[in-house]
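Protein chains: 2
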Amino acid sequence: MALKGKMVIGQSGGPTAVINQSLVGAVLEARKHPEITGILGAHHGIAGIMAEDFIDLTTQSDAQLELVANTPAAALGSVRLKPGKAECERVFEVFKKNDVRYFFYIGGNDSAETAHIIAEMAKEEHYDFCTVHLPKTIDNDLRVTDHCPGFASAARFVALAFMGDDRDNAALAGIKINVVMGRHAGFLTAASALARQDEGDGPHLIYLPERAFNVASFQADVKRMMVNYGRCVVAVSEGVADADGNPIASTGEKDSHGNVQLSGTGALGDFLSTRVKEAYAGETVRVRADTFGYLQRSYPTIVSEVDAREARESGGFGVSHAVHSGENGSIAIRRLSSAPYQSDYFVTPLSTVAREATEMKDEYIHADGNDVTEAWLEYLRPLVGELPRMGKLF
Amino acid sequence: MALKGKMVIGQSGGPTAVINQSLVGAVLEARKHPEITGILGAHHGIAGIMAEDFIDLTTQSDAQLELVANTPAAALGSVRLKPGKAECERVFEVFKKNDVRYFFYIGGNDSAETAHIIAEMAKEEHYDFCTVHLPKTIDNDLRVTDHCPGFASAARFVALAFMGDDRDNAALAGIKINVVMGRHAGFLTAASALARQDEGDGPHLIYLPERAFNVASFQADVKRMMVNYGRCVVAVSEGVADADGNPIASTGEKDSHGNVQLSGTGALGDFLSTRVKEAYAGETVRVRADTFGYLQRSYPTIVSEVDAREARESGGFGVSHAVHSGENGSIAIRRLSSAPYQSDYFVTPLSTVAREATEMKDEYIHADGNDVTEAWLEYLRPLVGELPRMGKLF
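Line by line, the protein sequences are chains P and Y. What the first sequence shows, in numbering that gives the first Met the number 0, is residues 0 to 393, in sequence order. What the second sequence shows, in numbering that gives the first Met the number 0, is residues 0 to 393, in sequence order.
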């Protein structure tokens, strides 16, 4: 028999363009189930639960929810907080007080770990309770799932950005370095390759955190592309590190998960610009760097249709699974076919996605370590959807 | 009687999302006039003319031209080159050799100056010749015209960027500084204000190059907004300077027009982040800076409909004017009405737009110097077009 009680839903970690689709998918599904006696949205995830800072999502109009679903970032507010024992005890105090029997947490691997900790604590306390993690990350670095809701929309933003920027670079030739989000995994940086439509189109070089970054090789690569094409567009992950794992450039500041701050600064782009200028010592060369920054995860209207649909459906699937089985887990996507693209959803134990993240497979990375492979593009294309054709007069 | 001969068309200065609309508008209009015996596109503007590096635009298919019109950046290639006497002589050598009687140059005030120099030289040489400048700049800083083709699409990009980024900042509260393009004029930075839909929405502060930037006032402004809203989104022009006109932060590098390099570096954003952290010495505060960079002028698919149409029509109007009158000039836009939005085109002497640029009127800038006025929003709204509504749950 299904658990009966209220549900709490929260959002955690970095926002995405479609995290609110998952929220709305879960809420709309929950409304179909009488076992769920109330739908509480927690402001700022775990922090909001501890503060009993909830919004009642039981009665929001469909029109309002649709507006929210199509709005980027986390409508409930997000948080970066890994709860310890004391925090968990407070969470359960609130859950018991409010007769909460379901907890849905939308986030990445850190959020899955939070969900896992909560689930384990419920078992210890013999509290009849179901925790489901709903996947979300532009980094695409969750284990088990074929890909993560949020990634394809960010990938679409990056692909379009490189398409336009490559035309800009063709118009005013020079060396252009674009720094892309992705702390440990190069998926989003690798999405830049979708910008290529004709021979000679950029990005001409792609550097991923999965491979050690060597400044001298980078300088040589750029000079070779300048000889070949008279210009060079570079995609580089914010997370590139040297052979010892040290970030190439960073402010040294850490976030509350203990991760070094990479986004929200132009340090890496400016560092690489300077290295390129050094490589051309004495010669005049036009070098520019842009750091795409938060636009990649929160730009309105640039959304992959597949991503929006899967984010919505995975939220609904998670709630349906919880009500029908009462089992903890994380929702994952299985790719059934790439052409035509088809997928479905399944449940994987929280422990299989919590904490540890994954990275790009070797088969997706060019042997030279400065580009991607055709296998990568085959994986990515159906997720991002059709892109506009760039018109050229050269 | 109309001049008979070939036309040369070129693009100059920084690319925009709709500069190719002006190109295509001019080409399609030119094809209607038997007086124009050939349409030569100059690769990289004046540089291409000197090198006789032309593409024949007489016979391109309409489908190909439409693809080009909807592609950002400059399809012919662009250039930043102010020709001196020797360059002008070479240009006329090429024009005479190829029986060129019309010259259309799409660009900003530097490009208008080039057109003006060429036109003056033709007079001196008694060469029957017509030069028309077609306006283009995301900076919106051309004199005479109500606004410049290219601006509204960049403004739309910036407004959407701030809408999404403000939701991101609401989800994970802190201080977010976004650096927007615009060397001397704050129009594009001021477009960020369109992101506001409800009380408390960012940007909470807007700094324009039209007002001296004072670091201590900036720090105090940010702290006040943090007290009011618990978060703060800042729009700041890349061109902000202190009371003596010195840029707040720059690499010191200059482009070929002698302008200090402001874009393509994260220096200003990082500088301002550091100043904010200093203002909160000892306290933990989340500060991030993004520099929107070249995406503002070349991001595909983010286009204002009014802007695309006016860019196209101003190109056609320029050619029609040249054939019918043979008079040199620059095309400008006159606003006939804001609601409903209506405009038409007229011709202004090259000297009135060449060299000197303009900036935001005082009535558009808040008396405190850290925001815009309602009059500014009334001017801007019809140009940018409808924006999506952000859904909220707070």
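None of these hints come from the bench; they were simulated from the model. Please note that the accuracy of each hint is not assured.
Same chains, same label: a pair holds when it works inside one copy or across any pair of copies.
The list that follows gives simulated cross-link-like pairs (lysine to aspartate or glutamate, EDC-like), each with its CA atoms no further than 16 Å apart [claimed, not checked]:
1. Lys391 - Asp61
2. Lys391 - Asp55
3. Lys95 - Glu358
4. Lys3 - Glu198
5. Lys84 - Asp241
6. Lys81 - Glu124
7. Lys391 - Glu65
8. Lys31 - Asp220
9. Lys391 - Glu304
10. Lys5 - Asp52
11. Lys122 - Glu277
12. Lys360 - Glu373
13. Lys96 - Glu358
14. Lys5 - Glu86
15. Lys360 - Glu377
16. Lys96 - Asp361
17. Lys391 - Asp127
Cross-check of the supplied hints:
1. With identical chains, the CA atoms of Lys391 and Asp61 are at most 16 Å apart between copies only, with a shortest distance of 13 Å across copies and 44 Å within one.
2. In this homomeric assembly, Lys391 and Asp55 come within 16 Å of each other (Cα to Cα) only across copies, at 13 Å, whereas the closest approach inside a single copy is 52 Å.
3. Within a single copy, Lys95 and Glu358 get their C-alpha atoms no closer than 38 Å, and across copies no closer than 61 Å, so neither meets the 16 Å cut-off.
4. Taking the shortest Cα distances, Lys3 and Glu198 never come within 16 Å of each other, neither inside one copy (60 Å) nor across copies (39 Å).
5. In this assembly of identical chains, Lys84 and Asp241 lie within 16 Å of each other by CA distance neither inside one copy nor across copies; the values are 36 Å within and 51 Å between.
6. Within a single copy, Lys81 and Glu124 get their C-alpha atoms no closer than 20 Å, and across copies no closer than 77 Å, so neither meets the 16 Å cut-off.
7. Taking the closest pair of Cα atoms, Lys391 and Glu65 come within 16 Å of each other only across two copies (11 Å); inside a single copy the shortest separation is 38 Å, beyond that limit.
8. Taking CA atoms no more than 16 Å apart as the test, Lys31 paired with Asp220 passes in neither setting, with 57 Å inside one copy and 48 Å between copies.
9. Taking the closest pair of Cα atoms, Lys391 and Glu304 never come within 16 Å of each other, the shortest separation being 27 Å inside a single copy and 21 Å across copies.
10. For the identical chains of this complex, Lys5 and Asp52 are intra-copy neighbours only, at 15 Å inside a copy versus 71 Å across copies, given an alpha-carbon limit of 16 Å.
11. For a Cα distance limit of 16 Å, the shortest separation of Lys122 from Glu277 qualifies neither inside one copy, at 59 Å, nor across copies, at 46 Å.
12. For a Cα distance limit of 16 Å, the shortest separation of Lys360 from Glu373 inside one copy, 13 Å, qualifies, whereas the shortest one across copies, 53 Å, does not.
13. In this homomeric assembly, Lys96 and Glu358 never come within 16 Å of each other (Cα to Cα): the closest approach is 41 Å inside a single copy and 60 Å across copies.
14. Proximity of Lys5 to Glu86 under the C-alpha cut-off of 16 Å is found in neither arrangement, the shortest distances being 20 Å within a copy and 77 Å between copies.
15. In this homomeric assembly, Lys360 and Glu377 come within 16 Å of each other (Cα to Cα) only inside a single copy, at 13 Å, whereas the closest approach across copies is 52 Å.
16. Proximity of Lys96 to Asp361 under the C-alpha cut-off of 16 Å is found in neither arrangement, the shortest distances being 49 Å within a copy and 58 Å between copies.
17. For the identical chains of this complex, Lys391 and Asp127 are neighbours neither inside a copy (62 Å) nor across copies (32 Å), given an alpha-carbon limit of 16 Å.
This entry does not satisfy hints 3, 4, 5, 6, 8, 9, 11, 13, 14, 16 and 17, going by the numbered hints stated previously.
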